[in-house]
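Student: For reference, the chains in residue letters:
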Amino acid sequence: MAQVVFSTWGREVVDNRNVSGEPQAVSFKLPVAFDGERPLRAFMGWDGIILFDKDVDVPAMTAEYMKRVQTLYCCGKCTPGKKGTKVLTDLLQGVLAGTAKEADLDKVADLTDLLLNCKCTLCQSATVPVLDAVRHYRADFVARLNDRREHTAADEYIHKITAPCMDKCPSHIDIPHYIEAIKNYQFAESLTTIRESMPLPSVCGRVCPHPCETACRRKNVDDSINIMVLKRTASDYEWQHKITPPMQPKPRKSKSIGIVGAGPAGLAAAYYLALEGYPCTIYEALPEGFGGGMIAVGIPAYRMPRNLLQRDIDIIQAMGVEIVYDCRVGKDISLPDLKKKHDAVFLAPGAHRSKPMGVEGEDKGYKGFLPGGIDFLREAYMGRPTGMGKKVCVVGGGNTAIDCVRVALREGAEESVLVYRRSRKEMPADVWEVDGADEEGVKFEFQVLPTKIIVNDKNEVTGVECVRMALGEPDASGRRRPEPMPGSEFIIECDTVIPAIGQDPDLGFIPPDMGIDITKWNTVVTKYVPLKDAAGKDLKDGMGNMLSRSLITDCDGVFAGGDAEIGPLTVVACVGNAHRAATVIQRWLEEGKVYLSSDDIFDDLLTYLGVYDKNEKVAWLDSASRANQKEVHGKQRASLKNYNEVELGFSDSTAQAEADRCLRCYRMAMVTV
Amino acid sequence: MAHTESSENTTATLTIDGRQVTVPEGTTILAAAAELGIKIPTLCWLEKVSTTGACRICVVEVEGVDRPMTACNTPVKAGINVTTTSPRLEQIRRKTMELLLVNHPLDCPVCDAAGECDLQDTCYGLHVDRNEYGADLEATPIRYDWPLIENCTTRCIMCEKCAKVCHEIVGADAIEVKNRGECAIIDTTDGKPLDCDFCGNCVNACPTGTLISKPFKFRGRPWTFTVTPGICAFCSSGCQIEYHSRDGRIERVTSSDVGFNRGNLCINGRFGYSAFNSSGRLTTPLLKHSDDTQQKAGWGQALSAVALKLKEILTASGPNSVAGIGSGRLTNEESYLFQKFLRGAVGTNNIDSEARLGYFPAQVIQHEMLGYSGATYAMDAIEQASAVVVIGADLKGESAGFAYRVIQAATKNNAKLVLATSRATSMNKFANAFLQYRPTSEAWLVAGLNKAILAEGVENKTFIGSNTKEAATLAASVDALSFDQISAVCGVTETELREAARLIVGNGRTAVIYGSEVMRSADSAAAVTATIDLAILTGAVGVDGGGIYPLDEKNNTQGMLDMGVCPEYLPGYHSYVHGAARFNEAWKAAIPTTPGKNLFQIMAGIESGEIKALFVVGSDLLHSLPDRNRVMKALQKLELLVVQDLYLTETARLAHVVLPAATAAEKGGSFTTVDNRVQCFSAAVAPAAEARSDARILTKLHDLVAPVAAIAAASPTDLQHEIATLTGLYNEVCDHEGCRMGRAKNRIGQPALFKAFAPAPLAAHDAGRPFTLQIGPILRHNGSYTTWSENNLAVAGQAYVEICTRDAATAGITTGDSVKITSGIGSITLAARVSDDLQPGLAFVPAHFREARVNQLTTAATGAVAVKLEKA
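One line per chain: the protein sequences are A and B, in this order. Be aware that the first sequence starts at 0, since it is given in numbering that gives the first Met the number 0, and climbs by one per residue. Be aware that the second sequence starts at 0, since it is given in numbering that gives the first Met the number 0, and climbs by one per residue.
Be aware that a few hints might be false.
Stated by the list, open to error - List time: in silico SDA-like cross-link candidates among lysine to any residue, alpha-carbon distance up to 25 Å:
#: 1; chain 1: A; residue 1: 241; chain 2: B; residue 2: 483
#: 2; chain 1: A; residue 1: 106; chain 2: B; residue 2: 258
#: 3; chain 1: B; residue 1: 191; chain 2: A; residue 2: 245
#: 4; chain 1: B; residue 1: 76; chain 2: A; residue 2: 19
Calculated from the structure, these hints are not laboratory results. Keep in mind the model is a prediction, meaning the values are calculated, not measured.
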């Protein structure tokens with residue numbers, strides 16, 4: 000078991016260097032080996048230092064940390080940052096070279112104090128571990144500056160720049176950078192930064208659940224930055240100013256990639272591979288004009304205007320990506336054939352199969368009982384008959400359920416009811432989506448469980464029998480388990496029932512003999528880096544998947560990503576995952592091997608460790624409140640066939656002011672291996 | 000600055016250093032402190048750009064907040080208690096300054112900024128006299144290879160003012176922060192030598208000696224110069240400037256951020272002063288001898304020769320055998336004296352100027368429809384517009400000051416920008432719609448825009464209903480044209496027109512700016528009428544509108560016209576019938592009561608022999624009028640050609656008498672910009688050598704030709720009083736401190752008159768001359784004036800012909816090739832420049848360069864002519 004030798008992480012000193020007896024037990028959310036192989040000997044970052052190996056050369060590590068901050072990441076745009084880190088860097092190098100004096104070490108604290116006045120947090124936070132090292136390992140520093148012997152650099156260091164928001168974003172967009180560009184009225188530059196990690200900016204500027212904002216340090220002052228709408232602003236600026244997207248794909252290469260599905264994952268993988276010059280062909284089951292996967296079929300146009308989604312797709316096609324529409328892999332072309340046609344295959348079919356509700360009568364083919372929420376949204380979007388009547392009852396508590404009740408109104412429902420077995424605040428749907436439905440006149444039935452579909456003699460749905468639920472003990476998810484209240488049965492009269500309780504990937508197109516493994520949750524199994532904690536347990540992500548996956552399946556040359564690999568999640572998660580897949584595919588095509596770079600692994604490690612600290616006290620004046628975008632209000636916005644966008648974005652000046660609230664919380668982590 | 004879009008105008012009361020102050024929400028602590036007269040030290044703060052927060056000198060303590068906050072970019076909050084000075088803050092500021100000085104070179108003795116360096120001043124102010132910190136020197140390169148500007152990166156304190164001004168004010172995006180950490184420097188975005196607008200606003204903003212003016216380098220220590228406020232004498236933006244002079248020579252021009260133009264100039268304003276110091280300046284009068292050579296002469300000799308010959312011609316052929324050509328370069332007072340000389344002393348109304356080529360006829364139409372000429376408001380009103388429509392102008396090329404205002408509107412105040420030009424310009428990146436019409440189809444385009452506004456129902460119905468006349472005429476004009484017809488002619492689709500229409504009138508406050516392509520259109524009357532109709536239709540000219548703004552390249556064209564330098568009107572646009580008696584009485588003269596000949600009639604009169612004497616002031620007719628060979632022949636026919644100018648122009652070379660005039664820096668007076676601001680100034684230096692101000696020359700001549708005691712004795716004040724009284728146009732008291740004159744405000748309350756127009760069919764395509772050559776202004780010059788400025792020439796040395804990539808490929812032409820351009824009447828050869836700003840079939844030649852002789856190709860005032868292009 001890896002022993003912590005010394006730590007200041009979390010601003011708590013654990014010093015096991017010279018203890019007799021039982022060392023102080025402390026553990027951190029870090030793997031014992033950085034990449035599953037090389038032991039992680041020390042970790043250094045914004046919150047202190049952690050030493051797992053007593054032989055780590057602390058002065059050398061400290062000097063290297065400061066030097067990397069100053070030469071690689073310090074933006075140079077404030078005096079303490081630019082100059083202070085330079086003075087510190089040279090001072091620490093002077094220690095290593097033996098040219099510094101012991102008194103110089105006292106300047107570190109003085110400079111740390113002065114660096115508190117930095118414009119942002121990179122340089123400022125970098126002084127934290129440096130001062131810890133100098134303070135607690137002073138003897139080593141003193142010994143070093145008096146030691147004229149040659150020292151060979153034995154330790155290897157790996158670093159990573161991050162920020163709480165950037166870390167929390169599954170696509171790891173350089174959020175502080177794109178926000179700073181907006182602050183400086185550089186909207187086009189902002190979008191360029193966004194595109195480095197997010198090729199569907201108009202989408203994620205609108206419908207992203209923005210986990211980044213839950214990890215925004217500004218929240219510790221007043222309220223998070225409106226990161227999502229700022230992204231929308233940058234993205235809208237481009238088309239509103241007729242700017243041609245600046246991406247220039249590299250010269251075309253010969254090896255090609257076949258991609259299953261034109262959803263967020265498929266499009267994102269194609270985008271990044273196309274940038275590298277790889278010819279990509281996407282095979283999409285739906286007809287032309289309906290690309291976008293779950294974004295198109297699952298997110299109604301009043302949240303995501305179709306012309307803008309199509310514009311993002313058009314841009315990707317303009318980069319040389321071919322999309323073959325009306326082509327369902329497994330039906331119109333077999334997966335083995337696809338594999339023969341291309342040098343690599345990326346599976347991103349999404350998760351489009353509605354889950355059964357488990358209610359009496361759902362399998363009887365009743366008229367008015369629709370197959371599922373996603374199916375309903377898709378048919379409505381494609382302008383085909385949905386089978387919906389006048390009184391609609393949607394079952395579920397997620398965003399899809401909300402989309403269904405809101406679309407039902409726009410499709411002419413006289414009454415649109417949402418039935419959910421828990422309470423409003425426990426709905427997985429985003430709060431603003433629920434509020435939106437409320438405003439449009441949707442009726443809610445909370446803590447209600449449907450038990451039976453009621454039909455007339457013509458097998459037409461006439462209602463749903465339900466039972467009220469009481470909240471019992473918390474379950475594994477931490478939410479209190481709803482339990483039926485005996486005798487509370489009642490009937491909701493309706494002519495349409497839409498189950499919208501979740502989706503699974505439909506992986507029927509993968510022949511069993513291809514060697515592609517599938518999990519019990521019906522997702523594709525991909526390979527991973529064996530990261531283990533001190534107790535020998537595998538590190539896993541929030542979805543229960545292995546933490547650091549290379550996204551190749553057990554079948555050589557076949558990769559997988561998106562909802563079908565992660566499990567049904569978000570656009571931004573699919574994009575981040577597909578971006579990694581694209582890099583891995585490129586490595587595989589160019590080097591013949593599949594691996595994750597230190598940078599990839601470091602991303603996963605930081606996400607696992609957590610960069611945002613909700614308890615951090617951030618000293619700042621809370622004098623600029625968060626700006627929220629305007630939206631169309633009133634029931635009229637959900638009138639028949641009114642799919643006009645509800646949210647209206649920011650004016651440029653509001654965006655600029657909102658961007659000015661950003662605290663630019665960059666920080667650098669470094670490990671010694 | 001309100002933060003949320005819905006926020007109301009609320010205020011916050013806070014305490015700073017124990018004193019209460021109430022300010023609008025969103026105000027910074029720095030600004031709130033300034034309200035109380037508390038000055039917090041700053042280095043990187045610059046009011047006109049977004050905050051940077053780089054230097055960290057402006058730190059203040061806010062009670063309850065554990066870290067010092069920067070005053071420059073922290074908005075106030077109600078109830079906070081701010082301390083701006085304390086031992087702790089002093090210590091932070093002093094130590095921050097010490098850090099700032101780590102690796103800052105101690106080359107103050109040779110630094111151009113020494114004596115006007117904010118870094119020096121701040122160190123001094125904060126008593127920073129030692130440095131506890133040190134670091135290894137990272138030598139960053141000095142960019143000597145940039146034209147006009149030198150970048151000594153080691154002196155940089157990374158305040159980013161230069162880059163912010165470049166991006167936010169000028170929109171050039173030429174420079175930015177490059178590299179990381181201590182190696183961070185300001186450099187060009189592409190790393191190549193600077194190739195930008197060369198406005199030098201970065202130099203003006205630089206608080207240290209990092210970005211310096213090369214022409215000014217080592218010309219002297221800043222404190223040894225005399226600084227005189229002036230008004231820029233180049234374009235019609237009327238920027239307020241400061242001449243720095245020593246030993247009678249202008250050595251640099253700066254501008255203060257507290258002035259009307261916020262310290263922002265263009266290349267002409269900042270660097271064009273070298274035209275004043277040009278070796279081509281006329282220094283003595285010249286007299287043409289019998290052998291046709293021009294010889295130096297004394298003033299007495301030259302003026303007597305003019306007077307004598309004039310009298311001789313007057314006696315022989317009468318006053319109508321004399322004509323005068325004025326100039327938009329002269330001051331109001333000089334223009335007034337010029338026309339007074341011709342009307343009052345000579346007795347002719349044959350007086351006109353280059354404004355005849357576009358600006359004046361446009362203003363006649365505008366006057367008829369709106370009741371005033373020039374702009375509705377001073378140009379700063381543009382910044383408050385919700386939509387700006389620019390028609391037929393390369394905005395920066397014609398008037399950079401207007402471009403800067405439009406950039407502010409579009410980028411900081413959310414205005415929608417619609418650009419309609421035949422060429423893409425540097426303003427395109429700010430535009431929400433770009434209507435690129437076929438060359439010469441301006442009238443069609445504007446007709447289409449009017450039609451689209453009506454079709455979309457987004458016209459300003461309130462204004463039209465309450466304060467306009469004849470709305471039906473416009474409806475009839477556009478109803479006569481179909482979108483298909485319009486699109487077929489101008490090449491802009493109905494969809495594009497409608498989209499633009501929706502942008503224009505979205506929420507009300509529209510500004511309309513029109514430039515030379517409209518005023519010098521082949522179908523200019525229709526184009527101008529349609530444009531003014533557009534301004535009425537959108538309510539731009541209503542009291543709540545954003546205004547209409549005609550552009551002119553020269554600084555005082557509007558003032559010159561106000562002063563009566565046109566054959567149709569007396570000063571103040573008084574008709575002869577109405578005003579002659581009053582002027583006669585005042586001038587003790589007998590002005591003819593019928594309008595005189597205009598520019599074209601004067602040229603025809605010379606050719607027919609009717610006009611025998613021509614007095615040209617500040618105008619190079621051989622360069623500026625169409626059909627150069629014809630002009631040459633005509634001028635050679637004159638019995639007397641007097642040219643009064645700064646330079647020995649080619650027109651001057653033909654003159655019998657050449658009179659050397661003074662530059663704007665060498666005289667006082669007033670200029671009136673196209674937006675009707677009248678600004679007074681006094682001389683910064685004495686006239687070069689023997690040169691004299693136009694006023695002095697004209698007064699003397701007036702005396703010689705028709706001695707009137709009053710005129711010789713008239714002081715500038717008397718003269719301005721006379722102008723104000725007689726024109727009724729200029730008030731004697733101006734809003735502007737230090738000015739004695741001002742123009743009566745436009746009567747925007749009066750009803751605007753819609754007027755019918757019918758665009759003419761475009762000239763038939765000529766297979767032999769398939770290109771349309773557009774001749775127009777470019778950013779790096781102003782008129783032909785700056786072609787005498789070595790600074791301007793350093794970055795734009797000669798003419799070229801610009802064509803698009805597709806046409807270049809077809810013709811096998813690449814950049815730098817010699818291209819022969821042939822029109823119906825002549826040909827010239829220029830170097831090619833291939834560009835994507837142009838549409839196929841269009842070629843462009845800058846109008847400024849005398850040597851290019853581009854008017855050998857033209858026959859009419861229009862800026863466009865059909866030509867053939869071939870690789871020479």
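Student: Evaluate each hint against the coordinates.
Tutor: We went through each hint and held it up to the structure:
Distance hint between residue 241 of chain A and residue 483 of chain B is fulfilled; the C-alpha atoms sit about 24 Å from each other, no more than 25 Å. At most 25 Å may separate the alpha-carbon atoms for a hinted pair to count; residue 106 of chain A and residue 258 of chain B exceed this at roughly 46 Å. For a cut-off of 25 Å, the pair hint linking residue 191 of chain B to residue 245 of chain A stands: about 20 Å separates their Cα positions. Restraint check: the Cα-Cα separation between residue 76 of chain B and residue 19 of chain A comes to about 54 Å, which exceeds 25 Å; the hinted pair is violated.
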